[in-house]
Each structure stands twice: as C-alpha cells, then as structure tokens.
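2 protein chains.
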Amino acid sequence: MNYQYQDYQLVQDHIVQTPVISNADLDKELKAQLFFKCENLQCTGSFKYRGAMYALLKLDAGSRAKGVVTVSSGNHGAALARAGQTLGIQVTVIVPKDINPVKLNNIQQYSAEIIFADSGMQGRQEALAQFFSCQQALFIPPYNHHDIVFGQASSAYELIEQQPDLDYLIVPIGGGGLASGSILAAQTFNSRLKVVGAEPANADDAFQSMLTGKLIEHNNPDTVCDGLKASLGDLTFPIIRDGIEDIMLVSEQDIIAAMKYLHQKLKMLIEPSSAIVYAAVLKHKQRFENKKVGLILSGGNLDLEKFYSDC
Amino acid sequence: MNYQYQDYQLVQDHIVQTPVISNADLDKELKAQLFFKCENLQCTGSFKYRGAMYALLKLDAGSRAKGVVTVSSGNHGAALARAGQTLGIQVTVIVPKDINPVKLNNIQQYSAEIIFADSGMQGRQEALAQFFSCQQALFIPPYNHHDIVFGQASSAYELIEQQPDLDYLIVPIGGGGLASGSILAAQTFNSRLKVVGAEPANADDAFQSMLTGKLIEHNNPDTVCDGLKASLGDLTFPIIRDGIEDIMLVSEQDIIAAMKYLHQKLKMLIEPSSAIVYAAVLKHKQRFENKKVGLILSGGNLDLEKFYSDC
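Chains as they are written, first to last, in this note's numbering: chain A, 8 to 318; chain B, 8 to 318.
Do not rely on the hints blindly, as some may be mistaken.
It does not matter which identical chain is used: a pair holds within one copy or between any two.
Stated by the list, open to error - Straight-line alpha carbon distances no greater than 20 Å define the calculated EDC-like cross-link-like pairs of lysine to aspartate or glutamate that follow: (1) K35 x D211; (2) K65 x E36; (3) K221 x D317; (4) K298 x D20; (5) K290 x E312; (6) K110 x D32; (7) K267 x E312; (8) K292 x D310; (9) K272 x D32; (10) K35 x D105; (11) K299 x D154; (12) K272 x D261; (13) K221 x D253; (14) K298 x D249; (15) K267 x D34; (16) K201 x E133.
Hints were generated in silico from the structure; no laboratory data involved.
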C-alpha cells in the first residue's frame, strides 16, 4: 500500500492539524529531543477521528445514504458518530450493555443510534447479525480496514511535515491502525524514520505475533490501556511485521506513572493508551540519547475522577 | 504606561508563543466563538514566566550579579527560579514553612535558593528583612511591578496577533498583573477589545475596590484559586480601574465545575485560577452571544491527585 499526498488532502480540511509540543525539562532528563504530536487535541479527543473521517469521505453517495455501523465502546465509536454527524451520514454504534456512562455519553452526544449488545465478542456479533438482517448499512471496523489505516496515517504525515528531521517515531499498538498508518506515511515521506511500537506487557499480542511470525489474538486482556486491548488484524499485521523497527513492552505501573508525570509536565490530559509511548522511551533511554524522537499522544479521553480515585 | 512592540520583542525569543485552541462543542453550547490562549503550555506551566523573564532581562549587569529574591510559594516563585536559571542569575525564593511539597519541588528543580519563613505576611516580611541585612539582591515582587506587568502583557499581545478581531478578552484577577498587562496591550494593539476580569466571589478585593473607588485588601481569602488570593497593588489598581470593562464574580462551585468540564472538553490541565474565565463566560452567556471571546488560560499547575480526591 502506498500512502500519498492526495490521501492527506482528502481529510485535510476536515480534521484539526494538531500542534506539536516540546518540553525542555523532559528533553534534559532524557538527553533527547522529544516532539509530542497532540492527538488529544484532535476533534473528539483522539486520532480515531482521522480514520473515521477518511473512511466516510471515501463512500459514494449510495453508501452514504444507507448509513454506517460499527462496534466500539470507545474512541472509534465517538469519532465515527461525530464524523457522520458532520457529513450528514447516519451512524449506528453497537456497544456492550455494561458500557461506562462517560463513554456512552461521548457517543450519544453526536446523535448516533445506539444498540446495546451482550458483552464479549459473541454478543457483539449477534447484535451485528441482527442489525444487518434488517438494515443495509456499511460496516466500518475500528482498525483493520484500508481507509481507516490511510486516515490514521495523516497524523504521522503532519508530524513529518512539522518536524522533518526525526530519527524515531513512537506510536502505541492496539489493533495496529495508527501504527500501520504511521509506517506507510514514513515510507513515503521520511524513509529514514524508524517507527517503534509501544505495547502493554499485559496485552502483548503484537509482540507475540512478531516473535512467532503469525497473527496471535488475545481476548480482552487486562490492561489500564482500554484503547490497546484489540489484537492486530490481517491487514495491519503484515504492514507492522515488515515495517516496524521494534515493539517495546511496558508494565501497567510504568504506564500509570508516565501518565501522571505527563499530566504534570505537559499540562495536558493524556489517556494511559497514549502515555505508554513516553513510558517506552523512558525505559529505553540510552537508545534514544541525542536522537530526535516523535511521540504520538493518541488521545485524551479519560474519566479523571475515576482514574485518580482508582490508581 | 504605554506598551509597545519593542516590549514584546524583549521577551519574544525567551518564552513559548503559546497556541490558541478552539472547540466546536463549546462554541455551539455558548453560541459564541471562544479562543483559549494556553498559558498552561508556557514554560513552568503558567503566564508568570513572561513577567519573570521580562523583569530579569531588564536588569543591568551589576544587578544580575547580585541576584534576585522573591516571596512566592506558587507560580511566580517557580517562574522566577527558572528564568534565573536560564539567564544565569541567582534566585532566592522565600516560602512558608508549611509549603505543599509539590509546589516546593516546582521551585527547587530550577536550582533556586530556598528560605523557609513562618506563615502569614509577617513571617515573610521578617524573613525578607533578615535576608536583606546580609545580601544585596534585588526584590522582584509577583505582580505590583512595572516590568512584571509589561512581561505579562505579552500574552494578550500574542493573542491579539493570533486572533485580531476579538470582541472580548477574559482574564483572571488576583494581584492584577495579568489583567493590567492585558489592558495595556489592548490599548495599543486593539483599542476596541473589551477586557473583562473574572474573580472568585470569595476573594473579591478587586470587585470591592472598583465599587468603592479605593484599594481594598483581603488577607488570605478562602478560595480554591490559590493563584488569585492576592489583592491588587497600587500599580495595578489604577490601570484596572481605568481600563477594565467589568469584573465578574464566580462561586467556588462554578469554578470547580468549569475546571472539570474544561479537562474533559479541551483535554488540557487547567488550574482553578484559570478555569474561572470560562465559568464567568458561562454565567453571563447572553452577553457573549455571537461574540468572539478570547480567554487566557493562565496556568496548569495542579496537584491532580489531591484535587480529584478533595473536590
């Protein structure tokens, strides 16, 4: 797959060109130059809006009229709902019955249709099947989809434009949409840029897949990174296998510490699934010494009161 | 006093040109266009760095060699320490004995000398007197000082450049350094811009001073806005009296609600002393309808764990 400037142009006027933030104290501590790409400041508070918007903009008029459906209780659900609302496309989101009210509200505020399904993969599949038996909407999955990957690529593309001389780019790995998109953008626009993935040690399916050379799936792993529970798909796995420099595993404890530290230092809300990129750099400090390192802060959707009473 | 472009040029290369953030959801709710000037992303996490840097840059070589001293347990102390570290000027900060360890660490990390004083105004004055009996350092107060006010003016100056057609500018009022600086910048660079102050109802010395026409001081008022406990000084009061459009009082409850809401919506850390500007706009919604409103988010220094377990 070949990511080109016209792919960026498709979404350019529909997304926030997110700022890149540096912090002299962090640079000093790490003896490196860090460039944080703030997708927490993206529309709907995460990079997922880029992929959702790209996927909907690619639809022809007939498909737009039929509407779209997805399965997501998190950032992809909210992003697709909002992109649909903006473009006038009906969006249905299938969510688990026990969804947290903050997340439900994030989706509902963008006037999406909600269908409650039993928890777990099977419950969702049943709900999807039932939905499709009476509707003709198109299914837009959260990451294992060409257009989603090409939409997510726009973040790394912008960062490469904003900071052309990066040595490394660190991205979180969940289902692999952001990681694959970043690899594709780097291949076209900065071929010496090394893309490194950061993955929770408790949800290390991508790491295991790389190790064994075949796609390994984990079912609902236990990690504070709710955005990184998904496993790679058959589209994202080969892109990552062939294009990634390394995958770094990070403990839950280090992820939480990084998140709290970035709150205090960067003055921004960063969800655990994003803070993991900084935790990875901190853990492998020597490797990044004197390097220019881009880090995608993938999102900032977080129930602060719950987080700070739990952790 | 007349704020000019060369006053901005003095600090320009030493400070962060902070970004301006908009949010479509907030604009829709308020039927206005809001432009948030992010001083939480300033060096040391608050606008105070602007004034501290301006004041130190104005010193001649002789004064620089003698060092400076201030009394502040908060953002001004950390800002002056950091500015001094950058310019190679010795900084001493007098802090109360019972200072919170997070704040102490904020100051100490910039290698300032610390002197612990008994709490309250008298304890600080004694410590200052003792200090001056053996040292020749210059005292740099937190707000009631020409150079501090001129430094703080740089934030409003940048915002006027970034968004030239603003109708209103909302700033928090504590000692009045930021408010006075903003008024002076508006007078020179956008004379139709109306500057409005937001002040905690629990610390309404500026409001009372405006009402009575004379400078009224409050001693350690009880508000969650620790940056807004100070009273106006004899330099800042007349500038505010003659130049401010209005002062809006805000309850503690509304300040806390605004802070939590901005965390969720803007994905940024904003201390209560900053969130007050949004609370003021929300309370006087009709007045700002269809207007372009700038809001200075003055800082993001906050002990999150303490805040979310207390409030």
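Checked hints:
1. K35 x D211: neither (31 Å within a copy, 41 Å between copies)
2. K65 x E36: neither (44 Å within a copy, 30 Å between copies)
3. K221 x D317: Answer is neither; intra-copy 36 Å and inter-copy 49 Å both fail.
4. K298 x D20: Classified as neither: same-chain Cα gap 32 Å, cross-chain 24 Å, threshold 20 Å.
5. K290 x E312: neither (28 Å within a copy, 24 Å between copies)
6. K110 x D32: between (34 Å within a copy, 16 Å between copies)
7. K267 x E312: both (13 Å within a copy, 9 Å between copies)
8. K292 x D310: neither (30 Å within a copy, 27 Å between copies)
9. K272 x D32: within (8 Å within a copy, 27 Å between copies)
10. K35 x D105: Neither: 44 Å inside a chain and 30 Å across chains, both beyond 20 Å.
11. K299 x D154: neither (29 Å within a copy, 36 Å between copies)
12. K272 x D261: within (16 Å within a copy, 26 Å between copies)
13. K221 x D253: within (16 Å within a copy, 66 Å between copies)
14. K298 x D249: neither (23 Å within a copy, 52 Å between copies)
15. K267 x D34: within (17 Å within a copy, 29 Å between copies)
16. K201 x E133: neither (41 Å within a copy, 58 Å between copies)
Hint violations for this structure: numbers 1, 2, 3, 4, 5, 8, 10, 11, 14, 16, all remaining hints satisfied.
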